[in-house]
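Asker: Single-letter residue listing:
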Amino acid sequence: MTEADASPARGRRRDWPLWEVFVRSRRGLSHVHVGSLHAPDAEMALRNARDVYTRRQEGVSLWVVPASSITASSPDEKDSFFDPAADKIYRHPTFYEVPEGVKHL
Amino acid sequence: MYGNDFSTPDRGAPEAAAMPRQEALADPPGFQELIDADGRIEPRDAMPEGYRKTLIRQIAQHAHSEIIGMQPEGNWISRAPSLRRKAILMAKVQDEAGHGLYLYAAAETLGADRADLLDALHTGRQKYSSIFNYPTLTWADVGAIGWLVDGAAIVNQVPLCRCSYGPYARAMIRVCKEESFHQRQGFELLHSLSHGSEAQKTMAQDAVNRWWWPSLMMFGPSDAESTHSEQSMRWGIKRFSNDELRQRFVDMTVPQAEALGLTLPDPELRWNDERGHYDFGEIDFTELFEVIKGNGPCNKQRLANRVAAHEEGAWVREAAAAYAEKQKSRTTGAVA
Chain A
0 MTEADASPAR
10 GRRRDWPLWE
20 VFVRSRRGLS
30 HVHVGSLHAP
40 DAEMALRNAR
50 DVYTRRQEGV
60 SLWVVPASSI
70 TASSPDEKDS
80 FFDPAADKIY
90 RHPTFYEVPE
100 GVKHL
Chain B
0 MYGNDFSTPD
10 RGAPEAAAMP
20 RQEALADPPG
30 FQELIDADGR
40 IEPRDAMPEG
50 YRKTLIRQIA
60 QHAHSEIIGM
70 QPEGNWISRA
80 PSLRRKAILM
90 AKVQDEAGHG
100 LYLYAAAETL
110 GADRADLLDA
120 LHTGRQKYSS
130 IFNYPTLTWA
140 DVGAIGWLVD
150 GAAIVNQVPL
160 CRCSYGPYAR
170 AMIRVCKEES
180 FHQRQGFELL
190 HSLSHGSEAQ
200 KTMAQDAVNR
210 WWWPSLMMFG
220 PSDAESTHSE
230 QSMRWGIKRF
240 SNDELRQRFV
250 DMTVPQAEAL
260 GLTLPDPELR
270 WNDERGHYDF
280 GEIDFTELFE
290 VIKGNGPCNK
300 QRLANRVAAH
310 EEGAWVREAA
320 AAYAEKQKSR
330 TTGAVA
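Those protein sequences? They're chains A and B, same order as listed.
If you're matching positions, the first sequence starts at 0 in numbering that gives the first Met the number 0 and goes up one per residue.
If you're matching positions, the second sequence starts at 0 in numbering that gives the first Met the number 0 and goes up one per residue.
It is possible that some hints are incorrect.
[As the list claims (entries may be wrong)] Chain B stretches covered by chain A per the calculated footprint, using a threshold of three residues with CB under 8 Å from any CB of chain A:
{"no.": "1", "segment": "43-51"}
{"no.": "2", "segment": "112-119"}
{"no.": "3", "segment": "129-135"}
{"no.": "4", "segment": "316-329"}
Derived from the structure by calculation, the hints contain no laboratory data.
Glycine included, every Cβ here is placed at the ideal spot set by N, Cα and C.
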């Protein structure tokens with residue numbers, strides 16, 4: 000269940016490269032991250048992902064992405080990074096007052 | 000399955016348990032508050048070194064247990080009594096491999112390297128659950144493992160689904176979902192035997208007699224002797240004490256044994272109306288510690304099999320890597 004934003008220590012490895020696995024559980028839903036695995040290439044990563052993460056028909060589609068290709072935001076700057084959204088409560092419908100009795104609004 | 004995260008009292012923890020007091024004190028700001036508020040720690044968050052090391056040790060040990068745990072049952076795949084039982088057993092053993100992989104991946108989010116973890120298992124620096132050092136002597140053992148060993152594992156693992164470390168908790172949710180089939184198939188297998196011929200019933204009873212006490216030991220030493228329980232509780236890694244979980248397992252298993260028509264090998268086992276729980280006899284922990292030390296019936300065999308499988312598979316890993324390299328160079332060659 001390796002996360003895309005895992006620790007930097009994982010760059011150097013004697014193993015096959017690491018892949019992050021995403022599964023679409025059924026049509027109509029988007030792919031969701033389910034974990035990770037090691038595989039020598041994309042084709043094997045897909046096959047391994049099928050065996051490791053969809054043994055019980057958990058998915059109808061799989062993505063595998065080299066973990067090294069993912070750029071993630073830093074948890075250290077999560078405050079400054081996401082702050083700009085915090086003071087804009089007028090983006091939510093509950094910010095507005097609606098006179099009593101008005102419907103479908 | 001489950002990895003016992005404890006070691007013999009004279010040795011201390013197998014690896015990384017003793018953390019300097021300073022590290023324990025120097026929590027990153029907001030860390031303990033987040034845990035106290037039942038929040039989750041995610042991979043790149045700042046965390047105390049002790050927390051990281053404890054988790055790596057526990058998750059790796061858990062992963063090792065899943066992988067080694069394939070052996071006792073794998074022993075019976077070729078001799079399963081019917082195609083139905085064989086298909087079930089193969090699916091179960093394959094699940095154990097999958098569980099090991101979820102868990103290794105979770106450990107890797109903490110900066111551990113897969114090759115290092117395997118190396119730690121192969122050289123004995125990290126342990127796996129002592130339960131897998133017992134032999135599977137008859138077909139009924141497959142049932143007893145599913146019912147008792149996986150049953151105990153579920154009791155241990157359900158609280159881990161709420162562990163403070165996100166990737167571990169998420170791995171445990173997957174594991175627990177799959178584990179319930181493991182327990183049921185074991186129960187059903189024993190039920191067939193205990194309602195079969197006299198010889199089959201005797202075989203089922205014998206297996207239960209041998210697996211009952213080791214299953215109780217899976218919960219670890221009694222609370223009084225448990226070394227790193229307290230810190231793990233504070234960190235939200237552990238939610239219930241060894242004795243609480245053991246009691247929960249006994250309470251839930253006794254009625255199931257009655258349904259099977261089998262007895263549990265403990266003359267002191269009886270319902271205590273006052274406590275609202277079953278009382279049970281004292282556990283011989285010297286046996287547990289002997290098995291952990293490497294003196295169980297199958298320690299050497301299990302590890303030797305594991306190392307051999309790894310070494311004999313080396314050429315496959317190398318060939319696959321070489322093939323991937325060749326394909327890559329061809330693709331880049333074609334573009335250029």
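Asker: Establish whether the coverage given for the segment 43-51 of chain B by chain A is satisfied; the threshold is a Cβ-Cβ distance below 8 Å, and no fewer than three residues must meet it.
Answerer: This one holds; 3 residues, not fewer than the three required, reach chain A with a Cβ under 8 Å.
Asker: The segment 316-329 of chain B covered by chain A? Criterion: 3 or more residues, Cβ-Cβ distance below 8 Å.
Answerer: holds (count 7)
Asker: Count residues of the segment 129-135 of chain B with a Cβ under 8 Å from any Cβ of chain A, then say if the count reaches three.
Answerer: violated (count 0)
Asker: Are there three or more residues in the segment 112-119 of chain B whose C-beta lies within less than 8 Å of some C-beta in chain A?
Answerer: Holds, because 3 residues of the segment 112-119 of chain B bring their Cβ atoms closer than 8 Å to Cβ atoms of chain A.
The structure is inconsistent with hint 3 alone, although it conforms to all the rest.
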